[in-house]
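Chemist: Chain by chain, the residues run as shown.
2 protein chains.
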Amino acid sequence: MKKYKKGDEVSYTLGVFPTIELLKTRPEIVKRVIVHDSIEQNRGYEPIVTLCEQHHIEIEVHNQTINKLSPKGNCFAIAVFDIYEAPVSSLQHVVLVNPMDMGNMGTIMRTMLGFGYKDLVVIRPAVDIYDPKVVRASMGAIFKLNVQYYDSYEDYALEYPQLVKYPFMLDGAKKIQDIECVDDYALIFGNESSGLDSTFSKVGQSVFIPHSQEIDSLNLSMAIGIGLFHFSSGKF
Amino acid sequence: MKKYKKGDEVSYTLGVFPTIELLKTRPEIVKRVIVHDSIEQNRGYEPIVTLCEQHHIEIEVHNQTINKLSPKGNCFAIAVFDIYEAPVSSLQHVVLVNPMDMGNMGTIMRTMLGFGYKDLVVIRPAVDIYDPKVVRASMGAIFKLNVQYYDSYEDYALEYPQLVKYPFMLDGAKKIQDIECVDDYALIFGNESSGLDSTFSKVGQSVFIPHSQEIDSLNLSMAIGIGLFHFSSGKF
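Chains as they are written, first to last, in this note's numbering: chain A, 1 to 236; chain B, 1 to 236.
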């Protein structure tokens, strides 16, 4: 087992929780499950054993592999999985233009799942969602989402002309509280430091989240969380 | 200079941005400003020089100190400051019961500032807000807030009987969208993993943020961001 590099055909979960999520959600892509010999004291061990038996996956005990892939320790299980394609399938998209932060990406995925959004579009250049750091930060939420990459926003928009586009911008034209929801839409967010460039104000109804002048902007995952909270209001 | 330890009488900012924020906001508590000799290429250097001149603070160039306090590199300035007291002063409080995560705490502070909340109450046991990791994660927001520790929630509540209490709980009695805002209130949030214990349902109007069943809970800083967004709505 080698450390993950972008472009590899397999990646892996680091930790008991995302391993269980993967085994529950996409068992067909799991190639191997490797555990540390001290896992038996972990309460996640039993569900891993049950799920592996159910899907005829052998559990290998191999401390060295675990220590190599997770040098900080505190990791008791790893599942190696095939990189898979999961194209978006509903008509309520979250679109991230050039997201670059792995931890943020994981948090965003988890928050999407929390507000019932399953379809994530990522415009390149962007973070590699299959990086184990993203998988870990998502706490396994990644396996329940569809994620589709595009090389440019234009490529994406051409495929989904019917969606109402809501680009989130610091100088958006309408404040979020005044937006009434439609059925089919894309919520579009820019890069962590630079946001969306000004051309996005023309792609749809630009939106801002009112905040004080004491900060330049909310952080990206916070803005997305608030956006999803507003747009999913009444759904749960 | 030694690495910060809980209980020390001084702490420090790590990085140009929080150092500028500190010099702007609370110059009177700054004891020393130390920079790396490569800071001259950094666009934050000029504001630091100007602020230090204005407040008669000498700038010391000392790479070794910087490297020792910020071993990961990428840090060009440090300001050493006296730990200070800043008791809460308005009647709109954010109350965190037993928060333990330093990065979360920084994000929460920044988000508070973003939604116009200046007063943070922290119930012990809790993270040490003066730890440089919190200061850094807050991007200097900490210096613009009042933060007051209490040994128990009861101690706090006795001092502020007039505030309407809104404990945020997974099984809260009312959903956040149905809460109408009052003038004086405390938004109360529990620990990152365990939340608030059930006794909090009796201290006021318990609130929940509706989300899907696919996640156990929103993460703490996300829940707080959404809470503050709702309660500050119309303010900006």
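In case anyone wonders, no lab produced these hints; they're calculated from the structure. Fair warning: there could be bad hints in the mix.
A pair holds if it fits inside one copy or across any two, identical chains being indistinguishable in the list.
No farther apart than 30 Å at their CA atoms in a straight line, the calculated lysine-lysine pairs in the DSS-like style are these [stated by the list, open to error]:
#1 K202 with K68
#2 K72 with K31
#3 K118 with K6
#4 K174 with K2
#5 K175 with K72
#6 K31 with K175
#7 K133 with K202
#8 K3 with K202
#9 K2 with K235
#10 K2 with K202
#11 K3 with K175
#12 K118 with K174
#13 K3 with K174
#14 K235 with K3
#15 K24 with K133
Chemist: Next, verify each hint and record whether it holds.
Modeler: Tested hints:
1. In this assembly of identical chains, the alpha carbons of K202 and K68 never lie at most 30 Å apart, being 48 Å within a copy and 49 Å across copies at closest.
2. Proximity of K72 and K31 under a CA criterion of 30 Å is satisfied intra-copy only: 24 Å inside one chain copy versus 35 Å between copies.
3. In this homomeric assembly, K118 and K6 come within 30 Å of each other (Cα to Cα) only inside a single copy, at 24 Å, whereas the closest approach across copies is 43 Å.
4. Proximity of K174 to K2 under the C-alpha cut-off of 30 Å is found in neither arrangement, the shortest distances being 49 Å within a copy and 50 Å between copies.
5. In this assembly of identical chains, the alpha carbons of K175 and K72 never lie at most 30 Å apart, being 43 Å within a copy and 40 Å across copies at closest.
6. For the identical chains of this complex, K31 and K175 are neighbours neither inside a copy (47 Å) nor across copies (43 Å), given an alpha-carbon limit of 30 Å.
7. Taking the closest pair of Cα atoms, K133 and K202 never come within 30 Å of each other, the shortest separation being 35 Å inside a single copy and 40 Å across copies.
8. Taking the shortest alpha-carbon separations for K3 and K202, neither the intra-copy value of 42 Å nor the inter-copy value of 50 Å comes in at or below 30 Å.
9. In the homo-oligomer, the alpha carbons of K2 and K235 never lie at most 30 Å apart, since the shortest distance is 43 Å inside one protomer and 52 Å across protomers.
10. In this assembly of identical chains, the alpha carbons of K2 and K202 never lie at most 30 Å apart, being 45 Å within a copy and 53 Å across copies at closest.
11. For the homomeric pair K3 and K175, neither the shortest alpha-carbon distance inside one copy (44 Å) nor that between copies (45 Å) is at most 30 Å.
12. Proximity of K118 and K174 under a CA criterion of 30 Å is satisfied in both settings, with 26 Å inside one chain copy and 27 Å between copies.
13. With identical chains, the CA atoms of K3 and K174 are never at most 30 Å apart, being 46 Å at best within one copy and 47 Å at best between copies.
14. Proximity of K235 to K3 under the C-alpha cut-off of 30 Å is found in neither arrangement, the shortest distances being 41 Å within a copy and 49 Å between copies.
15. In this assembly of identical chains, the alpha carbons of K24 and K133 lie at most 30 Å apart only when taken from the same copy (20 Å versus 36 Å across copies).
Checked against the numbered hints above, the structure breaks hints 1, 4, 5, 6, 7, 8, 9, 10, 11, 13, 14 and satisfies the rest.
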